[in-house]
Structures are given as structure tokens and as C-alpha cells.
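Asker: Spelled out from the first residue to the last, the chains are:
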Amino acid sequence: MTPVFEAIDLNKSFGGVAALQAASISVEHHRIHALIGPNGAGKTTFFNCVSGHQQPESGKVLMNGVDVTGAPPYRMAELGMARTFQNVELFPAMNVLDNVLVGDHLEISEGPVAAMLRLPRHRRSERRARSRALAALERTGTAQLAHRLAGELPYGSQRLVEIARALVGGPSVLLLDEPAAGLTAGEADILRELLVAIAAEGSAVLLVEHDMRTVMALAEEITVLDAGRVIAVGPPGQIQANPVVIAAYLGVGAEESGEVAGS
Amino acid sequence: MTRSLGAPEGTARDGSGRSPLKKVLVRGADVLRGHRDGLAPAAGMVVLGIGVLTMPAWLPATGFLTLTDGVLAGIYTLLGIGMVLLLGYTGQLALTVNASYGIGAYATAILTVDDRIDPWLAMLVGIVVNIVVALALAFPLFRLQGHFLAVATLGVALMGYTVFEAAPVTGGSNGINGIPTLSIGSFHFVSDMAWTYLVWVIALAALLACRNLVTSHFGRAMLAVSGSEAAAESSGARPFWIKTLVFVVAAALSSVAGSLYASYAGFVSSSSFDLTLTLTLLVMVVVGGLRSLWALPFGVLGILALSAALQTYGPSVIPATGSDIPIVGYGVILILFLLVVPGGLASAGRWCAGQAGRLVARVAATPATQPAGGLYGTASSESRP
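Residue numbers (my numbering), protein chains in the order written: chain Y, 1 to 263; chain V, 1001 to 1385.
It should be emphasised that the hints constitute simulated quantities derived from the structure, not laboratory data. From the three backbone atoms N, C-alpha and C, an ideal C-beta is built for every residue, glycine too. Be a bit skeptical, because a hint or two may be false.
[What the hints assert, rightly or not] Stretch by stretch, here's where chain V covers chain Y in the computed footprint (C-beta under 8 Å, at least three residues):
{"#": "1", "segment": "3-11"}
{"#": "2", "segment": "85-95"}
{"#": "3", "segment": "103-109"}
{"#": "4", "segment": "113-123"}
[As the list claims (entries may be wrong)] Between beta-carbon pairs, the in silico distance windows are:
{"#": "5", "chain 1": "Y", "residue 1": "Ser24", "chain 2": "V", "residue 2": "Val1163", "range": "51 to 57 Å"}
{"#": "6", "chain 1": "Y", "residue 1": "Ala197", "chain 2": "V", "residue 2": "Val1340", "range": "48 to 54 Å"}
{"#": "7", "chain 1": "Y", "residue 1": "Arg127", "chain 2": "V", "residue 2": "His1188", "range": "42 to 48 Å"}
{"#": "8", "chain 1": "Y", "residue 1": "Arg128", "chain 2": "V", "residue 2": "Met1045", "range": "23 to 29 Å"}
Could you put together the complete structure from these sequences and hints?
Answerer: See below:
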């Protein structure tokens, strides 16, 4: 089975500091894949390089086996990639429903003249998009917020709305940057169930996450980054027991890590 | 489920059912409180339509406004729409309105002055030229962001003005005289009343079309671009194309405004297309509300009225002030509005409508058997906080 999304040997540096060094990942349909690593490991840079917000200096990004390295973010969106941001990038002046409708932008194909004249086919497109957006809000448990201004919502709700915006267009690859950060326990439960359901429907989910409970409960595959390098790939059980990973997280030398893991 | 979503919390659904009067009241309350967006354009068109139809009666009655101001208000409204779309919705401070307005005006002036071609055709030529220029400018300009864009467009604005002043075909500050008026069939637009109606039919149509645009996926993409370009782009909305689209729409509307102005005034000179125009429009748009198309005509008329009033009564209050006094007033108003009501007349109006809506909802929820005194008692206690 070809992976729906692949990044191969990505390199990126900022002012001489290497943020990514030959970092690779491969994500398949129906799977939840987690990208973890200590602070500053390069997780967000990795996301930005594959979603088109930053350009890798070398390496390849493939969607369905096609090379799309360096494609701008809107192109990645057209190819079926959707993402959320670490710091929640909602549109504060719009209500929640309109925010989610922006995520459905590509599904409304009518041009500006059709929109200005409010032609029947444009009205139908808008109606369909609206019910999809409401369904996406429903799935994230934020439907009752549909008419509130996005900028007025508590942080956790903003995260869930941003996830609704990312999944409304039915992406084949969903990148989530710390989706559980700032969520209440109840919201985190909704999120976990939702991600499992999205993967079951066929999307590939790639998440950066610090909450190990979420990661270990959800991910079928984990890639660990440290100082821009992939130091381990494997299922949760293996990663938890991997001495190199434990060393990277606890900041001790690799030779001592055996002790730490054993204790 | 969808029903509860369509009607946000606090919708006065409780009072529905019994008498038709109550149904009307409940609906009215929802409209006033902004819970039924679908009726807003109809309400806006009715209010503005009545305002425009009665202009020949109420404009001269003010004592300092004339029907000429009515025509100018329609032209400024057409110009202001572009600024609302660009600055209010898309968050782009592009100050080239004087150039596109001038291109439209000179297209009409140059092409029609010796009855060379039909004025309507000249208007079309102006639009086409403006769209081509806007597309050509968009490629370099929209590589720039924030204040870099503002400064670069200011440069374009000054270039435009210089061209209008210096080009051999424009007549410079002496201008072009004897531009024929517009006509439909055998009807020639001569009187100020005919011009008021013509200009406002076009302005209201443009307002409605642009209102449709901003409530469509394009409008959402525009607001998205002004909110977060990264997130807009990840959602598939291309910021560059959205900005270019808005820029082109703004240029086309300014072009129509310019052509109308040239045909109406019968004379154009470069002084009509300097940066004072841009500043005046900016004040009008801020007073109306940066993100409100419906409030724009109110901002335009408010500033026109104020400037006329200052010119009429100003010299008697402060002697030795000339015609520059409105410019001083603009600065003061701009700062006051940005500090006190940044949402402009639109937000003030929305607040008042919301209060009125709450009052109507309270009246509608009161049992019909209650005496009138009780109604007012409840209503006033509601409006107190």
C-alpha cells in the first residue's frame, strides 16, 4: 500500500542552526501517526515544511506518490491536506460557523459574478457547505457555539473549532499541531473519539502532541524527533521502552539511559 | 438539532404561535437583534431606497445641502464600497482610489468630449482600462504586506495624480470642458433630480452585489485573509487572488463613479483626483463602519453634511476660516470615531437595533390581556440596564 503522504530526508536550518536533519515520515490511510519529541526538536518546523508554510532546503514531500516539494499551502490544501496550528489560527472577527466554512472554501466552485448575483446554484452550494460545516461542528462538540465570535471563545473551544475547520473539507491527510493542549478532560475525550473516527473513515492523521496519554492511547505509529533528527519510529509499546527516546526526554547521556529505563 | 442551531440562544421563539400580531412582533424582534441575517439586505434596501426617493424633499430642507450633494453622495458611496471591501473586509490599506476614479473620469471626458463615442460605451472602456491597470498593479503590490503596501499604494496614488496633471490629453489643472451628459433613449439626464436617481440606482445595485459577495465564500475568504493569511491559505483560499479580486472590483466601481462624475459635472480637472479625495473617503468609511456596506451611505452623507455645514456656518463662528475648515474637521472626526466608536455608525446602529429588539421581544412575550400600562412598565424596566 503506497503511503498517502511521505516526507523524505527533509533538511531545514535557521541561521546556521539545523532545525531538521534528514527528517522523514510516512503516513498511511486509516492510520493515526504521532510526531513527538522534546521542546525545540523541530516538530513545528517539520509541519511547516510539509504543509508549504516553509520551504525545506532539501528533501522531498510526496502526496499519493507524487512529488509536491515546495508546493504552497493552498496547493497542499487542493491535494487534500488540512492542518491546525500550534497557536490556534482562527479568524477572530468571524463567527464560529463562518470560520469552519472557510475550511470548505474549495468545495464552493462558483465564481465572483455568481456570488454577486446570488445565482441559485451558488445558493445551493452555500447551503450544502453550511450543513457540512454544522456537521463538522457537531462532531467536535462545538455546535452550540456556531453563532459566537471565534475571538471570544475559551482556548479549548477555539482548538476544537480549528479542528472542525480542518476536517470539514474531508482531507485525506490531517495535520494537527498539539490538538489536546488546553482542552478540558471532557473535550480531550471528544477529541480522542473524533480522531479514531476520522482515521476509521480513511483519513491519515498526523499529530504533534505533548500529552503522552493521548499519544499512547491513539497512535498506531510514533516518530520521535530530537534536535531535528528522527531518533526512533515504531508502535507505542516499542517507543516507550526505547532507551534512546527516554534519554532524549530526560536529557541524560545515552550511556546512562539504560539505568533510567530500568529503574 | 439544526433548528436549535439556526436560532441562537435568546431567540424569542416562546411568544410565537397565537396571534398574527405577536408573530410579527417576534419576527421583528429577531430581525432587530440580528438573529435573522436573511432579512437584512431587504431591510437595508428599503430604508436606503426610501431615503434616496425622498432626497429631493429632505436634502434642500436641511438648509446647507443641495441635490448636488445627493449626486455626490452616490458617487462617493460607489468609491467607498471599494475601500470597505479592501480595508474593512480584506485588511489591505490600498490607497489608489483617486487613480482609478481619475481613469474612469478621464476615459469618459476624453472619449466623449466631441461626441466621439457614446458615454455609456466610454464608461465601459474606463472599466476595462481600470481592470487591466488593477491587474498589472496587483502583481507587484500584493507581494507587499501591511504598511509596505500602504506606502507603495500611496506612491501609485501620487503617480496617478501627476499623470492626470501632466499628460497632454488630460488638460492638466485647466481640465476638460464640455463633456456631454448621459442619456437613455431620448431621455437626457440634465436635472439634479434625474442624476440623483441615476447615480443612486447604480450605487444601490453595487451595494447589493457587494453585500452578496461579502456573505459568500469570497467574503469569508476576505475576512480570513485579514485574520490569518497562513490559516486562509491552508484552507485553500489563495490570499493573492482574493486581494487581487477585491482590488479589481474596487477599481471597476471607482471607474464607474469617475465616469458618472465626469458626465454629471461636464468638466474634469486634475484637482478632483488628489489625495484629499482619498482622505475624505477614509473618513466617510470609518464613520459609516469599516465592515459595513449598509452604513456606508450614512457615513458619506454625514461627512458631506458636516462639511457643508462647516462651510456655511463656520466663517460666522470662527472668522477668517476659508474652505479648508472641513479638512481640519475630518482629522478630528477620524480620531474621535476610531477612539470612541471604532465600528462606526454601523455598530452604533446595531446596538440601538438590539436594544429595540429586546424591547419588542419583551412586548411580544407579555400576555395579550395585560393592560397597556403594564406593557410599558415592563418595557421600560427592560431598557433600564
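Asker: Does each hint fit the structure? Answer for all of them.
Answerer: Cross-check of the supplied hints:
With 0 residues having a beta carbon nearer than 8 Å to a beta carbon of chain V, the segment 3-11 of chain Y misses the requirement of three or more and the stated coverage is violated. Check result for the segment 85-95 of chain Y against chain V: holds, 7 residues qualifying (beta carbon to beta carbon below 8 Å, three or more required). Look at the segment 103-109 of chain Y against chain V: 5 of its residues bring a Cβ nearer than 8 Å to a Cβ of that chain, three or more, so the hint holds. Counting residues of the segment 113-123 of chain Y whose beta carbon lies closer than 8 Å to any beta carbon of chain V gives 5, which reaches the threshold of three, so the coverage claim holds.
Distance hint check: the CB atoms of Ser24(Y) and Val1163(V) are about 56 Å apart, consistent with the given range 51 to 57 Å. Checking the proposed 48 to 54 Å range against Ala197(Y) and Val1340(V) shows it holds: the Cβ atoms sit about 49 Å from each other. One distance hint, 42 to 48 Å for the beta-carbon pair Arg127(Y) and His1188(V), holds here, with the actual separation near 45 Å. For the hinted restraint 23 to 29 Å between Arg128(Y) and Met1045(V), the CB-CB distance of approximately 27 Å keeps it satisfied.
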